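Since chain A is already given, all that's left is putting chain B on it; use the hints.
If you read the protein sequences in the order shown, they are chains A and B.
With this note's numbering applied, the first sequence has no gaps in its numbers, which climb one by one up to 420 at the end.
With this note's numbering applied, the second sequence has no gaps in its numbers, which climb one by one up to 758 at the end.
Please note that a few of the clues may not be correct.
Label pairs and their in silico Cβ distance ranges [said to hold, decoys possible]:
1. A/E133 <-> B/D469: 38 to 46 Å
2. A/P347 <-> B/A606: 54 to 62 Å
3. A/E133 <-> B/A630: 32 to 40 Å
4. B/I587 <-> A/P347: 51 to 59 Å
5. A/I179 <-> B/G513: 20 to 28 Å
If you are wondering where the hints come from, they were derived from the structure by calculation, not from laboratory data.
Computed from a prediction, not measured in an experiment: that's the story for all the values here.
Glycine included, C-beta positions come from ideal geometry on N, C-alpha and C.
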Amino acid sequence: MTLVTEPPKANFRLGMLIYDTRYRSYTIQVIVLILFLMGVAWLANNTIENLAAKDKDINFGFLWNRAGYDIDQHLIPYTNDDTHFRALLVGLGNTLVVALVGCFFSTILGVIIGVLRLSKNWLVARLMTIYIEIFRNIPLLLWIILVYVVFSETRPAPRDFKIVEGQTSAAHMNFFDTIAVTNRGTNVPAPLLTNPLPTVHLGFLPISLSLIAVIVVIAASIYANILLRRRTKVVQEATGIRPTIWWKSLLILCVPVVALLFAMGLHWEYPVFKGFNFNGGINIAHSFTALTIALTLYYASVIAETVRAGIQAISRGQSEASAALGIRPGRIMSLVILPQALRVIIPPLISQYLSLTKDTSLGIAVSYLDLRGTLGGITLNQTGRELECMTLMMLIYLIISLIISAVMNAYNASVKLKER
Amino acid sequence: MKKSVFFGALAATTVLAGSAFAGTLDDVKARGELICGANVGLTGFGAPDATGAYVGFDVDLCKAIAAAVLGDASKVKYVPTTGETRFTALASGEVDVLIRNSTWTFSRDTDLKFDFVAVNYYDGQGFMVKKELGVSSAKELDGATVCIQTGTTTELNLADFFKSNNISYTPVTVGDDSEALRQYDAGACDAYTTDASGLAASRASLANPADHIILPEIISKEPLGPVVRHGDNNWGDIVRWTYYALLEAEEKGITKANIDTVGTSTTDPEVKRLLGLEGDMGAMMGLDKEWAKRAIAASGNYGEIFETNIGTSTPIGLARGLNALWTQGGLQYAPPFR
Chain A
1 MTLVTEPPKA
11 NFRLGMLIYD
21 TRYRSYTIQV
31 IVLILFLMGV
41 AWLANNTIEN
51 LAAKDKDINF
61 GFLWNRAGYD
71 IDQHLIPYTN
81 DDTHFRALLV
91 GLGNTLVVAL
101 VGCFFSTILG
111 VIIGVLRLSK
121 NWLVARLMTI
131 YIEIFRNIPL
141 LLWIILVYVV
151 FSETRPAPRD
161 FKIVEGQTSA
171 AHMNFFDTIA
181 VTNRGTNVPA
191 PLLTNPLPTV
201 HLGFLPISLS
211 LIAVIVVIAA
221 SIYANILLRR
231 RTKVVQEATG
241 IRPTIWWKSL
251 LILCVPVVAL
261 LFAMGLHWEY
271 PVFKGFNFNG
281 GINIAHSFTA
291 LTIALTLYYA
301 SVIAETVRAG
311 IQAISRGQSE
321 ASAALGIRPG
331 RIMSLVILPQ
341 ALRVIIPPLI
351 SQYLSLTKDT
361 SLGIAVSYLD
371 LRGTLGGITL
381 NQTGRELECM
391 TLMMLIYLII
401 SLIISAVMNA
411 YNASVKLKER
Chain B
421 MKKSVFFGAL
431 AATTVLAGSA
441 FAGTLDDVKA
451 RGELICGANV
461 GLTGFGAPDA
471 TGAYVGFDVD
481 LCKAIAAAVL
491 GDASKVKYVP
501 TTGETRFTAL
511 ASGEVDVLIR
521 NSTWTFSRDT
531 DLKFDFVAVN
541 YYDGQGFMVK
551 KELGVSSAKE
561 LDGATVCIQT
571 GTTTELNLAD
581 FFKSNNISYT
591 PVTVGDDSEA
601 LRQYDAGACD
611 AYTTDASGLA
621 ASRASLANPA
631 DHIILPEIIS
641 KEPLGPVVRH
651 GDNNWGDIVR
661 WTYYALLEAE
671 EKGITKANID
681 TVGTSTTDPE
691 VKRLLGLEGD
701 MGAMMGLDKE
711 WAKRAIAASG
721 NYGEIFETNI
731 GTSTPIGLAR
741 GLNALWTQGG
751 LQYAPPFR
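If we strip away everything but chain A, and leave its shape as in the complex, we get (with noise of 0.2 Å):
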């Protein structure tokens, strides 16, 4: 015998569906789920109906055909011959180099600006300010053609830095002989090994070890300094003083990579004009170049409107409070105000981040060829596959979006506010 009264379960109606409140939440998402995948089903059904009305089916087969064209910036190697899928890759390198380089320098120029504007000085606070005012008013896309055409406009050809036996030349190389930044591209030295590591082929892409080797020197050297400041510290609180460490820092992160560097032989190949065009070196076009500058120089501005939301929503008497204490107004910035604001900034930050990598796109308007200009532009054309590629496309950029936020959220996570 049970002393538990069940609720009757004969007496369940179908009206109760609408009329029981218990039900009704249920009935209502039910209802609308179906009408939703309904909606979609349509959608795609509809799209297969219509394409092969049209005789033509959805294949990615295309991927794997040689692509045949050529793409003059590529990160992997790269040639006509390789298939549409090597293409792709090819212009998802670019496309991420730009946002990884956009992000970086728009990230920095748009904390300084954001402290700045927020500056006592009179003239500072106010330059700032238009700067912002101007370049977060303007569409992304102008800046970028504007950044184009100044560059092809106003360079001199290549041809133009010839050297003539007895003349001089009508344009010069800048850093001594170094650098050469023509209407068309900058072209900068290229480091070169005598002596290199292997370079192993993982798949399809090819791995310098050489390049592997000088990263983890680069980051052992970051550990060990980090060892010896944390050392440095456990010193000053049994003791009261502070070692001086600046040299044996300069040490620990100079020496290892000059060392392995000068072992591997490192010299630098300098571009030199023959024929049309500067050879040797590396080439930077300027669509990449134009690109990143405004972009850069745009998000800057919204990042900067971000970095001073933060700073503004720290209360005045964390600073008072600092300043009382002694601390002198950089380091107030930097250990009281900006760790706090930062809390604030992230979140807004993270979407700046997807902006930026998704403008990358807008590259098409001057000749950029990213993930849009390869797959989305010259594959798409030349196979007629639009639904296919454009899928891949979107799929692709919204993979790239979402790593960035959950990287973005875990950083967050990390430096909000731990409650215990």
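Structure of chain B alone, referenced to chain A:
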């Protein structure tokens, strides 16, 4: 029950969508206007003039089709398309016919589900460079930066040409002719490559055409022609035979000037058939008797259209070459009208 209604509606939508592509002729007639996919701006072939009206070699074919189908050569709406957008515009039904320097290739004909109904200009890809570079052959372009329109066959030919000659180049990929020309003029590229006819047209629009030369090498075959969607054969026939009517008119000496009188004076039965004085060929493809007469009257015969827009008397100055009639050593040849 609900589901069957849903699928019923779905089937109805599909049928409607299907029929929208089947009867282009009916659509054009119902609309009272032909929608023609044109170039964004290529002087001589298809570009707006000072008043904003589209003129050119390709545009005149649009006018001829409108005259044949609707009886009025001015009832054409031109939709400017770039190399990238043109085929999507045609496939989606945004335009009825695409007459925009488009090269007939295997994959466009088969995989993209289009029909190239004729070749109105036999072309080939060439290079234009500044005279001061001192280049006289495309094979001397090793290491050069080349401006190229994206989404074109020329993009692929270019890669093949440099590869087969074992020389290198840097591509600058741009969206359309005008942007390519701006970059070329600013010196952002050493050479500009596109169809030789396009080069001649672009050269004519530069500030000082004499400073630029078109290199002698023609590196590809570029048969350019009007394109329609695959599957609507009647519409394809109309576009094809309107074009052939213009060719036949040139062969038979029918011009814009004598079209009203030639019918009465001629004894040639083919001319009579073409002008609708004998038989009823128009009815076989859903048009009236005088379709071809109106098409020819719109801008003249093929030769007249060629000479007014791109011929030797114009700044573009193209010779007939391969595009002369077959009777004069060219490739332009209309099948018999019977």
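Just pull the numbers of the violated hints for me, sorted ascending. Of the numbered hints given earlier, those the structure breaks are 2, 3, 5, listed in rising order.
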